[in-house]
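With the hints as your guide, set chain W onto chain V.
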Amino acid sequence: MAEAPTGNEVTRRRRSRSDRRRSTATTRETGVWYPKAYWPSFAAPGVLWLAVWFLLPFYVVLSVAFGSVDPAFRLAEPTFQFWWWDFSTFQETLEGFYVAPAIYQDPAIRTLTYVIVASTVCLMVGYPIAYFTARHAGRWRSLILVLLVAPFWISYLMRVYAWQSLLQPDGYINDILGVVGVEPILWLSGKQFTVILGLVYGYIPFMILPLYASLDRIQQSHLEAGRDLGAGPARTFLRVTLPLSKQAILAGLVIVALPMFGDYYTNDLLGSDATSTLGNMVDNAIVQAGQQPAAGGLAIVLMVLVLIPMLYYMRETRRAISRTS
Amino acid sequence: MSDTAITAPTTRPSRVATRRGVFGWVRDPWRKPRFLQTLTWGYLAWSILPVLIAIMFSFNAGRSRSTWQGFSFRWWYQDEFDSLWRDQDLRRAMVQTFRLAIATVVLAVPIGTAFAIGIDRWRGRISRTANFAMLLQFVVPELILSIALFLLFNKVLKDLFPLGTYAQIVGLTTFQLSYSVIIVRARLLSIGPEYEEAAMDLGATPGQALRRVLMPLLMPAVLASAALVFADAVDNFVTVRYLSGPASSEPLSVKIYTAARQSPAPSINAAATVMLVSTLFMIAIGWFLSRRVSKGDTSGADAVFTGL
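So the sequence lines, in the order shown, correspond to chains V and W. For the first sequence, numbering that gives the first Met the number 0 begins at 0 and goes up steadily by one. For the second sequence, numbering that gives the first Met the number 0 begins at 0 and goes up steadily by one.
Note that these hints are calculated values from the structure, not bench results. The model shown is predicted, which means the values in this text are computed figures rather than measured ones. All C-beta atoms, glycine included, are put in the ideal place defined by N, C-alpha and C. Do not rely on the hints blindly, as some may be mistaken.
[What the hints assert, rightly or not] Covered by chain V, according to a simulated footprint, are these stretches of chain W (three or more residues, beta-carbon under 8 Å):
| # | segment |
| --- | --- |
| 1 | 55-62 |
| 2 | 74-87 |
| 3 | 121-128 |
| 4 | 213-225 |
[Stated by the list, open to error] Only part of the chain W face toward chain V is listed, based on derived beta-carbon distances under 8 Å:
| # | residue |
| --- | --- |
| 5 | Arg33 |
| 6 | Leu35 |
| 7 | Ala113 |
| 8 | Met133 |
| 9 | Gln136 |
| 10 | Val139 |
| 11 | Leu148 |
| 12 | Leu151 |
| 13 | Leu159 |
| 14 | Leu162 |
| 15 | Leu176 |
| 16 | Ile190 |
| 17 | Val273 |
| 18 | Met274 |
[To be verified] Computed footprint of chain W on chain V, listed as stretches where at least three residues anywhere in the stretch have a Cβ under 8 Å from a Cβ of chain W:
| # | segment |
| --- | --- |
| 19 | 49-55 |
| 20 | 183-195 |
| 21 | 283-295 |
Bound-form chain W, shown alone:
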């Protein structure tokens, strides 16, 4: 930082390292980054501990979710009326959660994959507009898209297509579509057209090249997007809440949201834990499968799951 340092750069490190006092310590480029280390581990604890505590409280013996009163399975299945397993409402919500998530995967992933392939090869004004709409959908705040869909169902389609399960599936699929398109499209660009061209040089028809060359190569991305869409659909509560009709169409996330604003029992913690475990489980399966089918080149799969 001083002029002497510039004239004698090679001697600087050792001199600085042996210099005593606060300034010597601050200027030593090889000192251990204690501050950063503390901050990082502190942050990680701050980030993860609250969730672990919330899981712990699903095993609370008392009704409180903030004061520990002993361990029990009361809120999981023992309590006759209010436990997660025996409360009709929560059980129905659990089924609804998985129904919505599976339907969303079944719709969003195939439509998204086909869309990604089509948009990658089809050049034209409609294709560009569709690509723009897809990206716009990806970045638009969820609240805005959700109330737009709510108004569509509430004002226009109310008799033909009322709010409820089908509306929720449509909303979730719309919200997740671009996610799967983006994942598949990235993979598509990294594969390039060469493999298909080679296959067709060797006599494959375009259909065969697509089915037997491109699809296997795309599989890791398709599986990854299925897992991520599933996890996102389970966690979603904004879109699903606006588009839910009768109380029976509310999934776990909406029940948790509604309960959290009143005075929730630990069965709500148990519900949140079920959501957490099922998304983590799905992500793990997706990660494992997509690494497996990608044989060797695993960096792509890891990148998709970590968002890096």
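Bound conformation, chain V alone:
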């Protein structure tokens, strides 16, 4: 990704035009004839796999969410014929968000709060770090980059587990606070602060790297131009650097926010029922046979919630694929 864009851009455009030409005939410029099924046969296993193990499961979610519950055994019974779908259970699930006792309302509010606060903190802390690494790291740059990337290769589970140990009543955090005279704090007793801390810790690497990549690509000459025209450091930043990294900021926010919507494990390890999220609601419901339609319904709600950021991320991914060196 970190390479001069201009030359590449041109060849890519030319290439895609020739691709389109190729699609009308199975003949290449070289005159080699490919049987019609030649390339599709390469993709076939993957296409089949996705159809059976990716698209079909989503249909099953709909069938369960819009199915029925066996009254005697409290077992969810999916309805596979979509013309017989029954939306009453789904409506009940939706009413859980706004009709008393509104059991999903608090988790929904908490989920949104966590996502918004944690993503904002990720950006506020991540941006200066990416900026420093791209512009001022000097000879330390390789080391800093390795350390920034390291969390990608360390399991999320282990990283949150590590914090869980540090935040124990007799853990190191309380030990350090004890030195300055703070009484031991029960961090893990269901504090929203702890859950947000965990989310920030877990997802901030995914924010820093795209920001770094984009800030690194800004050419020094642009900044010098700003300086030459009389802008001070603050103004150069606001008028040159920030606009040029706007897209990376958006992409970073989406990359960290998307998994946070489905995150139930951070709260499971660092919080309690008092801090539960929509993800926890799904996770709790799915293991109880009678609650599975509700779990399916909540999954649909979550899917709708993340639809727009998801489509944006898809577009960015497609762009990144064609831009990678």
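For chain W alone, coordinates are given in the frame of chain V:
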């Protein structure tokens, strides 16, 4: 920032640099970015230290994972029942972890590579839809995909294809497939069709051009995706937890997750360390091999591993 600065830009730097006081320091564009420097190193310590401390506690002599009670290998192999090596449960989980990860690589990487090549050359409505599904799969939150697969196995395939190892492999492969497609596809686009065309101009059949020209060029990306898929499969616990059947099909990650919610012994830290070391080892091998086979042009390999 003021009008005088705009009229006399060339004199500004030296004037600002010599100006005293807080404002002079704030406005000096050449001052050392002490704040940013402190923040960055502080962040890195904050990011890495907890993990190192967790590794350290796998060598704790006592049962606590938060109070240091001396060094020992008790939780690694010395304790007769509860150490990682002798606890039947954890040992089985370790084997299961690697079994799942290897099976996932064996399935996801070949299917993904073929899919990337096919989708790159095959234009049509099905191809576009498949590409869309692949990208959608890449961005959908893992929880949603996992419960969808869980319901499929639990409600539809329960007798023919029950939850357990095979279901876990299917789930992991589905979850990792698009990852390997994306890595290979990016490489494919940067190679372009020219090399193959040249080979065919020189008399190679399409099959030969694919085998002897395209595949060697794709190899760095294929190896890189294998390493990354392996590492991800070892670390995965969301998909694997929903799709695990009997307790014997739970890999290390699920054991750690379950234990962490009760009162884990340091053998859990040891288990997490094994996971960490094996993913880092795999990534290192993958990085080394993919740099090696890419001969010279190493930027692509580095880009894949750093996500930049």
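To see whether the hints hold, each was checked on the structure:
1. 55-62: Not satisfied, violated; 1 residues make the cut.
2. 74-87: violated (count 0)
3. 121-128: Satisfied; 5 residues make the cut.
4. 213-225: That given contact is violated, which follows from only 0 residues of the segment 213-225 of chain W lying within Cβ reach (below 8 Å) of chain V.
5. Arg33: 10 Å, violated
6. Leu35: 4 Å, holds
7. Ala113: Holds: closest Cβ of chain V sits about 5 Å from alanine 113(W), inside 8 Å.
8. Met133: OK, holds: methionine 133(W) within 8 Å of chain V, min 6 Å.
9. Gln136: 5 Å, holds
10. Val139: 7 Å, holds
11. Leu148: 5 Å, holds
12. Leu151: 4 Å, holds
13. Leu159: Not OK, violated: leucine 159(W) not within 8 Å of chain V, min 13 Å.
14. Leu162: 12 Å, violated
15. Leu176: 6 Å, holds
16. Ile190: Check failed: Cβ of isoleucine 190(W) comes no nearer than 11 Å to chain V, outside 8 Å.
17. Val273: Not OK, violated: valine 273(W) not within 8 Å of chain V, min 10 Å.
18. Met274: 6 Å, holds
19. 49-55: Our answer is that it holds, as 6 residues pass the Cβ test (under 8 Å) against chain W, meeting three.
20. 183-195: violated (count 0)
21. 283-295: Satisfied; 4 residues make the cut.
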